[in-house]
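Listed in order, the protein sequences are those of chains A and B. Under our numbering, the first sequence has 203 at position 152, and the numbering climbs by one with no breaks. Under our numbering, the second sequence has 209 at position 135, and the numbering climbs by one with no breaks.
FYI, nobody ran anything at the bench for these hints, they're computed from the structure. Treat the hints with care, as some may be off.
Stated by the list, open to error - Now the stretches of chain B that chain A is said to cover, found in silico as 3 or more residues with beta-carbon under 8 Å:
1. 200-206
2. 209-217
3. 224-237
4. 311-319
Said to hold, decoys possible - Here are a few chain A residues that sit away from chain B, every Cβ distance over 12 Å (derived from the structure):
5. MET56
6. ASP85
7. ALA94
8. GLY100
9. ASP108
10. GLN129
11. ASP154
12. GLY177
13. ALA212
14. PHE228
15. ILE242
16. PRO290
17. GLY316
18. ALA334
19. ASP362
20. ARG373
What the hints assert, rightly or not - Computed footprint of chain B on chain A, listed as stretches where at least three residues anywhere in the stretch have a Cβ under 8 Å from a Cβ of chain B:
21. 166-176
22. 246-253
23. 353-359
None of the values given here were measured: they were computed from a predicted structure. Glycine residues also receive a C-beta, built at the ideal position from the N, C-alpha and C atoms.
Residues per chain are reported as follows:
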Amino acid sequence: MAEGMTWSVTDGDKLTQAEIYGEVLSQLGDRYPDLVAITADLASSTKIGRFGKKFPDRFINVGIAENSMFGMAAGLAQAGLRPVVSTFAAFTALRSAEQVRTDICYQNLNVKIISTHAGISFGQAGSTHHCTEDLAVMRSFANMTVIVPADGIETGNAVAAAMEWPGPVYIRVGRGFEPPVNKTQDYGFAIGRAITMREGTDLAIIACGVGVLQAVRAAEILKAQGLSVRVINMHTVKPIDRDAIIEAVKDTRRIVTVEEHNVVGGLGSAVAEVIVESGRACAFRRLGVPDCYSIVGYPEDLYHHYRFDADGIVETVGELMRLEIEEDEDWEDEA
Amino acid sequence: MPLTREEIRGLTKKAWDIRRAIIETTFTCGGSHIGGSLSQTDVLVALYYRYLNIDPARPGWEDRDRFILSKGHGGIGWASVLGDRGYFDKALLKDFNKTGSPFGMHLDSLKVKGCDASTGSLGHGLAIAVGLAIGARLTGKGFRTYVMMGDGELCEGTIWEAAILAGHRKLDNLTAFVDRNGLMIDGPTEQITTLEPIDEKFKAFGWEALTIDGHDFAQIGEAIEQAQAVRGKPCVIICKTVKGKGVDLMENKAPWHYGGLNSDLRDQALASVDRHYRELLG
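Given these sequences and hints, build the entire structure.
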């Protein structure tokens with residue numbers, strides 16, 4: 052384990068996000084004796100069960116009962132413990148939204164929620180098991196921090212960082228079979244601080260989760276076409292890195308957001324709020340699931356279907372580049 | 075040890091004070107969930123003045139017993155007890171429900187000292203209590219957790235999720251009360267949706283279940299002591315109570331789930347409570 056690191060995995064590029072999460076959590080169990088892991092009959096699916104094998108006395112499987120699980124987690128936090136809860140995102144954000152909001156966020160309790168199978172990553176399961184609403188729901192809860200790691204390594208970093216971050220945290224994990232975008236874990240991850248994956252001046256893509264890999268691929272294709280495209284990994288959707296967004300608007304004046312979420316209420320909406328409030332105009336498109344219940348299919352096919360894969364991003368960037376953006380000499384004086 | 079006659083007399087006087095405080099605060103705040111606050115009062119008085127291991131000067135004391143009012147709409151009654159018990163200056167209750175006051179009709183654990191959990195949306199308290207009870211075990215602390223549910227609240231599925239878990243985990247450091255006043259907002263519970271047999275339901279989920287008169291301190295005390303002695307399972311005490319207890323014009327009347335008092339009604343209510351307690355105390 053490198054100095055200063057709280058976790059390490061070997062062959063991290065061959066593991067899914069959830070597998071890295073399970074491993075990292077079980078390592079953090081040594082560091083945090085008050086860490087209690089909780090699930091609702093999804094120990095193996097979410098990989099939280101790995102912690103349970105190592106620390107059976109600090110592992111609680113409540114059965115298929117998500118609502119009381121989140122209430123119980125609130126009680127455990129009030130008893131001075133550090134609960135980490137995992138189930139599928141659809142159950143956290145939709146079924147148990149009220150327990151997460153009222154029992155945990157309202158009381159500002161130290162509960163960390165790592166939800167897997169988010170977005171349309173469980174594509175073949177259909178919309179009952181998709182969750183394209185969780186970012187909208189979770190970021191509307193006061194006191195909640197919302198993180199969407201780009202890959203397994205970032206998931207490990209986010210989970211480790213969440214342990215030292217006060218109050219409730221929601222970390223969204225997909226099924227994560229995609230290749231990683233980060234090669235090593237020491238790239239300076241910090242909650243609330245966006246990461247510039249590629250510099251660029253013609254347009255900026257602001258992405259989270261699997262959108263980051265697609266954005267990086269799109270930027271490579273666009274580079275070959277002579278375009279300089281910035282790629283920003285906005286892993287923390289709340290609190291959002293306003294400076295990175297405004298800087299991108301100033302430098303490029305063309306913004307595309309990419310997320311595996313309904314385009315209503317998620318990253319794209321959060322970025323739009325910042326831009327509009329900044330008073331700086333720019334060309335803007337949100338890519339994601341276009342306010343519908345996803346069709347069934349393999350995730351990568353669905354990303355393509357909804358045009359937030361690399362091809363779709365390239366297409367949208369092309370549209371934005373064809374727009375006439377009015378030059379404004381007084382730009383710096385505005386807002 | 076069963077409560078002595080003197081202790082029962084002391085608790086009875088305290089319940090008189092609390093019922094008067096609930097009426098006074100309802101008058102000043104414009105309206106409250108007065109019916110259920112009056113039905114829960116005697117159990118809360120027994121807990122806060124006799125059985126809970128607490129120190130109002132240290133509301134965050136880690137080893138304190140916990141109490142959760144899962145029927146959070148009884149907040150005005152709970153706050154009346156907490157204020158009287160010394161968690162805060164009870165004169166602050168004159169601002170109950172007022173803009174910016176720490177006291178709303180459902181108490182906020184971050185604003186009200188002594189309030190161990192923010193409740194109000196029904197069906198949440200038992201699960202939180204289960205978390206506290208498991209937490210007491212994991213941290214090796216000896217505190218007990220008490221939770222009071224409304225009877226209408228037993229319609230909520232989360233209560234039964236948590237009941238399964240408490241039974242499975244054999245949480246004998248957990249005691250639940252049901253304020254069985256028989257009325258929900260729209261009428262008698264058994265007319266709207268059958269809850270009985272409540273005791274048999276809990277027993278089937280692995281609990282000990284006791285049924286008592288929730289206004290009789292001797293029975294309340296005996297049941298709490300019995301619950302504390304149960305080993306290997308949680309215990310529920312079903313408290314048969316009267317909604318609006320002590321105020322003749324409110325007793326057993328569903329519309330007094332929530333209501334306001336003008337000065338005439340306040341005077342009538344206070345007179346009724348005073349009459350009730352003068353008879354009781356002789």
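Structure-based check of each hint:
no.	hint	verdict
1	200-206	holds (count 7)
2	209-217	holds (count 5)
3	224-237	holds (count 4)
4	311-319	violated (count 0)
5	MET56	holds (28 Å)
6	ASP85	violated (8 Å)
7	ALA94	holds (16 Å)
8	GLY100	holds (18 Å)
9	ASP108	violated (8 Å)
10	GLN129	violated (6 Å)
11	ASP154	violated (6 Å)
12	GLY177	holds (24 Å)
13	ALA212	holds (24 Å)
14	PHE228	holds (33 Å)
15	ILE242	holds (23 Å)
16	PRO290	holds (20 Å)
17	GLY316	holds (23 Å)
18	ALA334	holds (43 Å)
19	ASP362	holds (45 Å)
20	ARG373	holds (51 Å)
21	166-176	violated (count 0)
22	246-253	violated (count 0)
23	353-359	violated (count 0)
The structure shown violates the earlier hints numbered 4, 6, 9, 10, 11, 21, 22, 23.
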